[in-house]
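Top to bottom, those sequences are chains C and A. Taking the numbering used here, I'd label the letters of the first sequence as residues 2 to 472. Taking the numbering used here, I'd label the letters of the second sequence as residues 2 to 472.
No wet-lab data here; the hints were simulated from the structure. Glycine is no exception: its CB is placed at the ideal position from the N, C-alpha and C atoms. Among these hints, one or two may not hold up.
Which bits of chain A does chain C cover? Going by a derived footprint, with three or more residues having C-beta under 8 Å, they are [unchecked claim]:
1) 172-186
2) 239-247
3) 426-437
4) 443-457
Each computed EDC-like pair below joins lysine to aspartate or glutamate, with the alpha-carbon atoms no more than 16 Å apart [said to hold, decoys possible]:
5) LYS55(C) to GLU452(A)
6) LYS127(A) to GLU245(A)
7) LYS44(C) to GLU176(A)
8) LYS82(C) to GLU100(C)
9) LYS328(A) to GLU148(A)
10) LYS102(C) to GLU353(C)
11) LYS178(C) to GLU452(A)
12) LYS330(A) to GLU287(A)
13) LYS45(A) to ASP418(C)
14) LYS258(A) to ASP89(A)
15) LYS395(C) to GLU452(A)
16) LYS328(A) to ASP270(A)
17) LYS395(A) to ASP404(C)
18) LYS389(A) to ASP404(A)
19) LYS44(A) to GLU140(C)
20) LYS55(A) to GLU176(C)
21) LYS45(C) to GLU245(A)
22) LYS111(C) to ASP150(C)
23) LYS55(A) to GLU100(A)
24) LYS44(A) to ASP418(C)
25) LYS178(A) to GLU140(C)
26) LYS45(A) to ASP404(C)
27) LYS45(C) to ASP175(A)
28) LYS356(C) to ASP418(C)
29) LYS44(C) to GLU245(A)
Number of protein chains: 2
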Amino acid sequence: MSIKSYFWYQTKIMAKRVYLSVVMLVLFSANISAQNNDSIVFKKIANEVLIHGKCYNWLDYLSNRIGGRLSGSPQAALAVKYTRSLMDSIGADTAYLQECKVPHWVRGEKEVGKLITGKEGEIIVKICALGGSIATPAEGITGEVVEIDNFDDLKKLGRAGLEGKIVFYNRAFDETKINTFEAYGGAVDQRWSGPSLAAKYGAVGTIVRSMTNIIDDNPHTGVMKYNDSLPKVPCCAISTKGAELLSGLLKKESGVKFHFKMSCQTLPDETSYNVVGEIRGTEHPEEIITIGGHLDSWDLAQGSNDDGAGAVQSLEVLRTFKALGIKPKRTIRVVMFMNEENGGRGGAKYAELAKLRHEHLIAAIESDAGGGTPLGFGMVGKDDKKAKIRSWAKLFLPYGVYDFTGDEAGADIDKLDDQGATLMGLEPDSQRYFDVHHAATDTFDRIDKRELELGAASMTMMAYMLSQYGL
Amino acid sequence: MSIKSYFWYQTKIMAKRVYLSVVMLVLFSANISAQNNDSIVFKKIANEVLIHGKCYNWLDYLSNRIGGRLSGSPQAALAVKYTRSLMDSIGADTAYLQECKVPHWVRGEKEVGKLITGKEGEIIVKICALGGSIATPAEGITGEVVEIDNFDDLKKLGRAGLEGKIVFYNRAFDETKINTFEAYGGAVDQRWSGPSLAAKYGAVGTIVRSMTNIIDDNPHTGVMKYNDSLPKVPCCAISTKGAELLSGLLKKESGVKFHFKMSCQTLPDETSYNVVGEIRGTEHPEEIITIGGHLDSWDLAQGSNDDGAGAVQSLEVLRTFKALGIKPKRTIRVVMFMNEENGGRGGAKYAELAKLRHEHLIAAIESDAGGGTPLGFGMVGKDDKKAKIRSWAKLFLPYGVYDFTGDEAGADIDKLDDQGATLMGLEPDSQRYFDVHHAATDTFDRIDKRELELGAASMTMMAYMLSQYGL
């Protein structure tokens, strides 16, 4: 390169730099200004929810007046009716029900469980049927207990070691996982597929250690799935305290037996509904942002954390848009999904209808991780869209929402992935979530008003950004 | 500049760049390697606390066996004895008590409060004496109620409007503050200086709305301070539900009266103690890192969140160092301070002794914001030292500790600032903290084991970094 061309080259670089700087400055200023406006809207949203929020009262009603809302139950029907009427009182532009068939499993009489030992006699323990389990015969089932932590051990013991026995799955949560959902993920296979895997080798029933971090005397229910090509055996959860007791006894003596009686059954499918309410977008009404939680819950308690919280937070998003007079550019559609807990039929129906109608679902947010203090959003989708959402992160920081690294969204919306929607899951602090998850302790008094409201505010903020800027 | 010197100049710049790049690379590699080692230690600390942690059991004992530990009470003495013995069982290199004189205020009989109205008759309301209040005469005090939200209004009403009256401070928490401590800070002057300010204009007593975010029927106590140059009048807190009721009645009719009876009194000062335990530093034993919480609590409940949590977390720091065999380069000194709630005498004594002995206090960490999920550390100190601490932030992120922007440390260590120590406060999620703060609901069942343990682990990690790298 000649000196002359070198200088020419340098001048060009300089010019380019100046140009880029000016462009950057203009873009930066525009961006700053947009972000300032957005941060003002964020503050309005937070104030509205924290001062005038209704979600805590709605959850009180869902929890204390209606109670546990298992699919197909009268309570689930009441919850549909109640939240459908809320959609009107909030002033949704459109509100409707989406019919879906749901499984109808009933628990029956309170379950009976006892340990039969040589040295300590009979010990009553607290158990509950797993959702979907068949009943025991009326006189119950009694069998020698074999403790298993790992499915591989089933194969090793084989039919010789398991025929006629009751398999006790006792793999505990890994307490070293900081994310409690990871600990749940590392244990829940025992509940889901454990019964059939044990039946394969002739076991006559299964007990599973409750899916929780804490040691207490509350059994935690949850859905299980039979493998249709294998015999069906009754399966129950035992409290963690009971599990520790049983495991201790098994170390002390051989031949410890478990006896249990359950009268649960699966009735014919029932008709139920997703509850849907919309605010139509002003500029791109065809672009739809789905916001949801699930309306059904387990039957042992009030389902306040799982997932009454997510349902009422979603309603609060809609209420807040209306109360503040925010007219979204894109359509906000709030969906309270039915049957997340034991079938996912509501989520499936929603995805099916959206596909059938060729709807343009750009994003979906689910809140189904309890009513705790919101800390972030998990995301599933294309990298560029996730990057765009992350570019908004700074706006959320004053509200304690800092973590956009997670990759979980929600069971009800997961099926929308292949329709091009970017999926998001509200991530509340979940350290105490599994203390009450699916147990009799998931009650309204475990909910803190501000924590619930901050979650609703965060969802509203995210809905606002998505509706304003699209993806 | 000539072309030649220009090239010379460019070459020099290039050389400098290359040199800097190499230096950076070396430093970066060293840093990466150090950070890798540190992250391994962090993981060990987290695992140790989450699997083998003792702080939850210790807090159970402090809460359920000992109970509320107001300075000068038999329970406070028991707490000193109990935690002093824990220091030995943990294996502190040195453990000792630091004597200090503490105020000894006692609540006496359960307080009586009632509203006397024309339209609704007499209504019993839940109240509690504020810490430090004098008693009412045995027959109680009755007076017309004047509601005040702002101290300026006292002056406006003057003696003509306040003489013989009972001032009712009803300024609520500002719910729009995301940090609940800011909301507390915006209301607590009513409790602290309200009684004397009202007495200045002839008021005969004061009622203050409880310092909490929620509306319920639990009065929240807390310390108040008389101005010695003004008459002393009895002062109590009323539950937020009671406050809303009273405020509503005052809007409906004039002449609403309040009657209250309290037999609280201040006895002569008692002898009490800070409980101290140390692990001596291997390289710089003279450089001291103070880790603490306060052992005293209010008397209405078990003081599990305020501040049993901070006390046992501090002990857990020491236990974890010993259990993992970590030998700190600098001295770790755990202090359970006495009398934070109504005098701060333990903190003052600690600062006084450190000064007298010319101790080199490099840093201090206090946990006194409840046992919730840890989210960050507040800092008070020189910018370069805070910057050094912030350079470690990335290590804390996997444990959910992300916020190093706060500027609060802790009431017991604040006096160490002028001795050159950088002060830090553990910042747990505090959305639900004021629900129970100083009320009968601050009990052990409000504590989640994992949340408490994660706080202890975070403090241990910070103590490790400070002891390893100094400031």
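Hints versus structure:
Residues of the region 172-186 of chain A lying with their CB closer than 8 Å to a CB of chain C number 4, which satisfies the three-residue condition for coverage. Here the region 239-247 of chain A counts 0 residues with a CB under 8 Å from a CB of chain C, which misses the bar of 3, and the coverage is violated. Interface restraint, the region 426-437 of chain A with chain C: holds (4 residues with C-beta to C-beta distance below 8 Å; minimum three). Counting residues of the region 443-457 of chain A whose C-beta lies closer than 8 Å to any C-beta of chain C gives 5; at least three are required, and the coverage claim holds.
For the given pair, LYS55(C) sits about 28 Å from GLU452(A) by alpha-carbon distance, which is inconsistent with the 16 Å threshold. At roughly 12 Å between alpha-carbon atoms, LYS127(A) and GLU245(A) fall within 16 Å of each other, so this suggested pair holds. With a C-alpha separation of about 12 Å, the suggested pairing of LYS44(C) with GLU176(A) holds against the 16 Å cut-off. For a cut-off of 16 Å, the pair hint linking LYS82(C) to GLU100(C) stands: about 13 Å separates their Cα positions.
Taking the CA atoms of LYS328(A) and GLU148(A), the gap is near 58 Å; set against the 16 Å cutoff, the hint is violated. Using a Cα cut-off of 16 Å, the hinted pair LYS102(C) and GLU353(C) holds, with the two alpha carbons roughly 13 Å apart. As the CA atoms of LYS178(C) and GLU452(A) are separated by approximately 13 Å, the hinted pair is consistent with the 16 Å bound. With a C-alpha separation of about 10 Å, the suggested pair LYS330(A) and GLU287(A) falls inside the 16 Å cut-off, and the hint holds.
Of the supplied pair hints, the one linking LYS45(A) and ASP418(C) is violated, its CA atoms being roughly 38 Å apart against a limit of 16 Å. Note on LYS258(A) and ASP89(A): the hinted pairing is violated, with a Cα-Cα distance of about 56 Å set against a maximum of 16 Å. About 26 Å separates the Cα atoms of LYS395(C) and GLU452(A), which puts this hinted pair outside 16 Å; it is violated. Taking the CA atoms of LYS328(A) and ASP270(A), the gap is about 40 Å. The hint is violated against a cut of 16 Å.
This hinted pair checks out: LYS395(A) and ASP404(C) have alpha carbons roughly 13 Å apart, not beyond 16 Å. Of the pairs offered as hints, the one joining LYS389(A) and ASP404(A) holds, with about 15 Å between alpha carbons and a cut-off of 16 Å not exceeded. Of the supplied pair hints, the one linking LYS44(A) and GLU140(C) is violated, its CA atoms being roughly 50 Å apart against a limit of 16 Å. Restraint check for LYS55(A) and GLU176(C): satisfied, since their Cα atoms lie roughly 14 Å apart, inside the 16 Å limit.
Of the supplied pair hints, the one linking LYS45(C) and GLU245(A) is violated, its CA atoms being roughly 25 Å apart against a limit of 16 Å. For the hint linking LYS111(C) to ASP150(C), the alpha-carbon distance of about 27 Å lies beyond 16 Å, and the restraint is violated. For the proposed pair LYS55(A) and GLU100(A), the alpha carbon gap of about 27 Å is over 16 Å, so the pair is violated. Simply put, LYS44(A) and ASP418(C) have alpha-carbon atoms about 35 Å apart, too far for the 16 Å limit, and the pair is violated.
About 59 Å separates the Cα atoms of LYS178(A) and GLU140(C), which puts this hinted pair outside 16 Å; it is violated. For the suggested pair LYS45(A) and ASP404(C), the alpha carbons sit about 24 Å apart, so the restraint of at most 16 Å is broken. As the CA atoms of LYS45(C) and ASP175(A) are separated by approximately 14 Å, the hinted pair is consistent with the 16 Å bound. With a C-alpha separation of about 12 Å, the suggested pair LYS356(C) and ASP418(C) falls inside the 16 Å cut-off, and the hint holds.
With a CA separation close to 27 Å, the supplied pair LYS44(C) and GLU245(A) exceeds the 16 Å bound.
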